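Participant: Sequence:
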Amino acid sequence: MSRRSQTVAVIDFETTGLSPTGGGRATEIAAVLLRDGQLVDSYQSLMNSGAWVPPFIEQLTGISNEMLAAAPPAATVMREVARFTQGCPLVAHNAAFDRGFWQAELARAGCEPDPAHQFACTLLLARRLYPEAPNCRLGTLAAHHRLPATGRAHRALADAQMAALLLARMQSDLALRFAGELGALVVEHALLLRLQRAGRAALQRCVRDFAAERQACLTPA
Numbered sequence: 001m002s003r004r005s006q007t008v009a010v011i012d013f014e015t016t017g018l019s020p021t022g023g024g025r026a027t028e029i030a031a032v033l034l035r036d037g038q039l040v041d042s043y044q045s046l047m048n049s050g051a052w053v054p055p056f057i058e059q060l061t062g063i064s065n066e067m068l069a070a071a072p073p074a075a076t077v078m079r080e081v082a083r084f085t086q087g088c089p090l091v092a093h094n095a096a097f098d099r100g101f102w103q104a105e106l107a108r109a110g111c112e113p114d115p116a117h118q119f120a121c122t123l124l125l126a127r128r129l130y131p132e133a134p135n136c137r138l139g140t141l142a143a144h145h146r147l148p149a150t151g152r153a154h155r156a157l158a159d160a161q162m163a164a165l166l167l168a169r170m171q172s173d174l175a176l177r178f179a180g181e182l183g184a185l186v187v188e189h190a191l192l193l194r195l196q197r198a199g200r201a202a203l204q205r206c207v208r209d210f211a212a213e214r215q216a217c218l219t220p221a
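If you read the sequence shown in the UniProt record's numbering, its first letter stands for residue 1, the second for the next number, and so on.
Hints were generated in silico from the structure; no laboratory data involved. Each statement offered as a hint is correct.
Beta-carbon label-pair distances, calculated as ranges:
#1 Arg35 - Leu176: 11 to 21 Å
#2 Pro55 - Ser19: 12 to 22 Å
#3 Phe84 - Asp209: 30 to 40 Å
#4 Asp41 - Pro131: 32 to 42 Å
#5 Asp114 - Arg146: 29 to 39 Å
All figures in this text were calculated on a predicted structure; none of them were measured in a lab. All residues carry an ideal CB built from backbone N, CA and C; glycine is no exception.
Kindly generate the complete structure, drawing on both the sequences and the hints.
Facilitator: Encoded structure:
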């Protein structure tokens with residue numbers, strides 16, 4: 001929460017498997033920049049890691065081995081997206097999944113970690129903010145909030161854009177729900193990091209404590 005604008009990068013991977021520790025590799029990545037609730041820029045690329053795409057993954061994502069054969073090397077793509085998101089906090093839906101591939105693919109590319117790249121998770125936040133939703137899948141939450149369609153599910157750019165729209169909705173809902181605690185301040189990434197670890201009953205106290213800390217930082221000594 002601050003009076004200044006903050007740009008966050010919402011990312012999404014498509015992959016050959018569930019985990020890089022289990023042999024999975026990234027096949028596509030997208031990053032969408034969100035500022036003041038608006039999508040202001042985006043990056044998307046297929047990426048050739050030399051990994052084989054199983055038939056069921058190709059059916060799910062529409063990404064084929066032939067498509068990846070013509071794609072740029074995975075290391076090149078990761079260096080590009082690291083530059084694109086430099087200095088931005090990160091957000092993903094089911095961030096534990098994307099964080100694993102983000103760290104693994106960056107390491108393979110020889111990229112140094114960016115201290116700003118701390119992940120907030122819209123899935124964890126949804127569990128706390130929207131208990132009335134049927135479930136916390138990205139498509140279900142998009143339908144629940146009547147978010148505009150962004151394209152085919154299980155493609156990185158469409159999913160990153162959808163997660164960015166969901167994040168913007170969450171920031172708006174939090175600002176309305178906790179207007180008394182937030183005052184004129186806006187919902188920022190550092191608050192989301194706290195809220196995703198808090199229980200539902202503790203959300204208001206978490207917001208109040210965080211707002212007090214931020215106000216103290218903004219008040220001249």
